[in-house]
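Produce the complete structure using the sequences and hints provided.
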Amino acid sequence: MGGNRTTRLPPPPFSVQKNKRKVSHVTAADTKAAGPPVPVPRAPKGTGPRPAPDKGISGSGRKMRKKGELLPYLLILPALVAVAAVYAFPLAKTVIMSFQDMGRKELWTGESPPWVGFEQFTNILGDGEFWSVTGRTVVFMVVCVGLTMGIGLLLALLMTRLTTWVRLVLTAALVAAWSMPLMVAASIFRWLSDSDYGLINTLIAKVVGEDFLGHNWFLDPKQGFAIIALLVVWGAIPFVVITLYAALTQVPKELEEAAALDGANAPAVFRFVTWPVIRPVFTMVATLSVIWDFNVFGQIWLLRGNKPEPEYETLGLYSFSKAFESTSFSQGTAIALITVLLLSGVAVYYLRQLMKTGEVE
Amino acid sequence: MSTSTAPSPAGAGQDLRPDRKKSRWHYDVIGLLTAVLMAFPVYWLVISALRPNHEIRSYDQTLWPSSLTFDNFARAVEQENFATAVQSSLVVSVTAVVGGMIIATLAALAIGRFRFFGRKALLMVLILVQMLPPTAMLIPIYAQLNAIGGLDEYWGLIVVYLVSTLPFAIVMIRGFVVNIPVELEESAMVDGCTRMGAFRRVIFPLLAPGLAAASIFALVNAWNEYLFAYILINDNSKYTLNVWLMTFTTERGTDYGALMAASTLIALPVVVFFMIIQKKMATGLTSGAVKG
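In order, the protein sequences belong to chains A and B.
Using my numbering, you'd call the opening residue of the first sequence number 1 and step up by one each time.
Using my numbering, you'd call the opening residue of the second sequence number 1 and step up by one each time.
Any given hint might turn out to be false.
Cβ pair distances, simulated, as ranges [to be verified]: (1) Leu63/B x Val139/A: 54 to 62 angstroms; (2) Asp60/B x Ala172/A: 24 to 32 angstroms; (3) Pro221/A x Met196/B: 57 to 65 angstroms; (4) Arg201/B x Val139/A: 52 to 60 angstroms; (5) Phe70/B x Lys222/A: 36 to 44 angstroms; (6) Ile96/A x Phe70/B: 34 to 42 angstroms; (7) Pro221/A x Gly118/B: 44 to 52 angstroms.
Derived contacts from chain B toward chain A, CB cut-off under 7 angstroms, selection only [as the list claims (entries may be wrong)]: (8) Phe73; (9) Leu90; (10) Val91; (11) Pro133; (12) Met137.
Counterexamples of contact, computed for chain B against chain A with all Cβ distances above 10 angstroms [as the list claims (entries may be wrong)]: (13) Ala35; (14) Thr69; (15) Val94.
FYI, nobody ran anything at the bench for these hints, they're computed from the structure.
We put the beta carbon where it would ideally sit given N, CA and C, even for glycine.
Shown next as structure tokens:
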């Protein structure tokens, strides 16, 4: 078994492409050779992620600034202003509002709301409902991410073993599912699970023989969340499969074959050859899924006809209904802030993954 | 194993991929079944849109309709505010994308071509803001727009969409910028082009495919967005298409036939665009450049 060889595997797909083309910088390149000569691996097909600039150049950053000192700042200025206006400012305002008590009156009169310190947070954290909503959100996220990543990985592996035309058919199906706007996808699933004329009930009645006609899937939140999870997972799988498949095509065939010839069975080949190569991509996709599924809003909102019952509230909806139904905007922002804090760990982890693979350079 | 493809498991020494050849047939069947499952909701959307209404309101749903009709489409198009909704969606998303692409290209050039203080921090911020939960943004933006009279106005929505395209568009376009050899730009400048001229004559044409991909992606995102549209616009005649879809559900129930027809109409341009940029998207997404 060539197990030990895994440590000597070529670097993950992204770093393979890192040196694809050397990037020099306008003036830095004039004065300085761009780092030590690196053997350039044959570039894989496709555009691939951008090559990271050579580390060797970074020392000359100061020289750079002398010449084009202002230009880059001028170029990013509009973007900076825009991002500040629509992200940074609202985020700051979320923080501020969480320590105030802004209700309907303050919204319409424009009076500045009174400061209440940590009252919103103590209220929320002392409310049993908050904890059950948080628990529900976490469980829902874990189930969705688990299903998405599990099925996604299996399908991606399956795709490497398909005949070309079957793979094309499957890709087309995935892209079709992927391209459904959320609103449309939710409408389809609402129609499929309709209690009177929905196909799901008809099929269960016909195939299983149970009397399911008129069955309302959303009376019991467990069944309701099953339908919602189905929608979420169905919508997320195409992205996961296509991304993981792209990573799998970077796994050197020779290595897999060599391992197989050396007597490794299929699971061992996967474990020691394939997995190490696709792991960075897998981790990144999984992290993104965690964030997305934690923030699931639209699917639940739309399947519950724009007014989800309390049993269907996840953190996002809970914050929304506090703000817009109970018009306690400060409660809403405080819950949103707690969500941001809960997710910040995941976000930082994601960022570190990106930096490791050389995406942020 | 009814196919005759696998030559001989016995002579395994010859066959470098014995496993693969032997059971491809087997995998292909699973692959096709998966394709059917994944595509089924889309099929159901289209077929329900084309089905006569009496079959929709029936306890006996059939996989294939007895006849095809465009009645549902007619009802969908005649639904109140259809024309204004199309107009709203087009105005808002096209303006947002055009504005967004200009700003994003400038920023991407700066990040891809220059090394300046704060460059890495800027990239990180751009990636991080994409992970903020929508409600964290929605409440303060709503309050702010309310204070400055931006509710029920296209421009409020346009600004929100424009900026939300920026993070991924900048990261994505930057990827194309760093792939254009700087030498091209330099030689243009040696030959007498100004920096602007070099950009216009050399960089821009090479950047065009990247810009096209990024703008299609941005367009699709803006076209599909509905939460901000729902909250920030209350005027029926300014609803975007996604919000307009909700008008098919009334107290008396949902007109599923018309809803499916309208949904088909909304999804159609997106599907076409997706097919065009599908390849690019996969690479863009692997690099964490894009938020779905």
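Going through the hints against the structure:
1. Look at Leu63/B against Val139/A: about 34 angstroms separates their beta carbons, and that is not inside 54 to 62 angstroms.
2. For Asp60/B paired with Ala172/A, a C-beta distance near 30 angstroms keeps the hint of 24 to 32 angstroms intact.
3. Against the hinted window of 57 to 65 angstroms, the Cβ-Cβ separation of Pro221/A and Met196/B comes to about 60 angstroms, which satisfies the hint.
4. Between Arg201/B and Val139/A the Cβ separation comes to about 57 angstroms, which falls inside the hinted range of 52 to 60 angstroms.
5. At roughly 40 angstroms, the beta carbons of Phe70/B and Lys222/A sit within the given window of 36 to 44 angstroms.
6. Roughly 53 angstroms separates the CB atoms of Ile96/A and Phe70/B, a value that falls outside the hinted 34 to 42 angstroms.
7. Checked against the given bound of 44 to 52 angstroms, the beta carbons of Pro221/A and Gly118/B, roughly 47 angstroms apart, stay inside it.
8. With a least beta-carbon distance of about 15 angstroms to chain A, the hint placing Phe73/B at the interface is violated under the 7 angstroms criterion.
9. The criterion of a C-beta within 7 angstroms of any C-beta in chain A is not met by Leu90/B, whose closest approach is roughly 15 angstroms, and the hint is violated.
10. Using the Cβ-Cβ criterion of 7 angstroms, the hint placing Val91/B at the interface with chain A is not satisfied: the shortest such distance is roughly 18 angstroms.
11. For Pro133/B, the suggested interface contact is upheld, since its CB lies about 5 angstroms from the closest CB of chain A, less than 7 angstroms.
12. Look at Met137/B: its Cβ gets to within about 5 angstroms of chain A, closer than 7 angstroms, so that hint holds up.
13. Its closest Cβ contact with chain A, about 4 angstroms, brings Ala35/B to no more than 10 angstroms, contrary to its assignment away from the interface.
14. At the 10 angstroms boundary, the C-beta of Thr69/B stays outside the reach of chain A, the nearest C-beta of that chain being 17 angstroms off.
15. Annotated as non-interface, Val94/B keeps its C-beta farther than 10 angstroms from every C-beta of chain A; the closest such distance is 17 angstroms.
Of the numbered hints listed earlier, those contradicted by the structure are 1, 6, 8, 9, 10 and 13.
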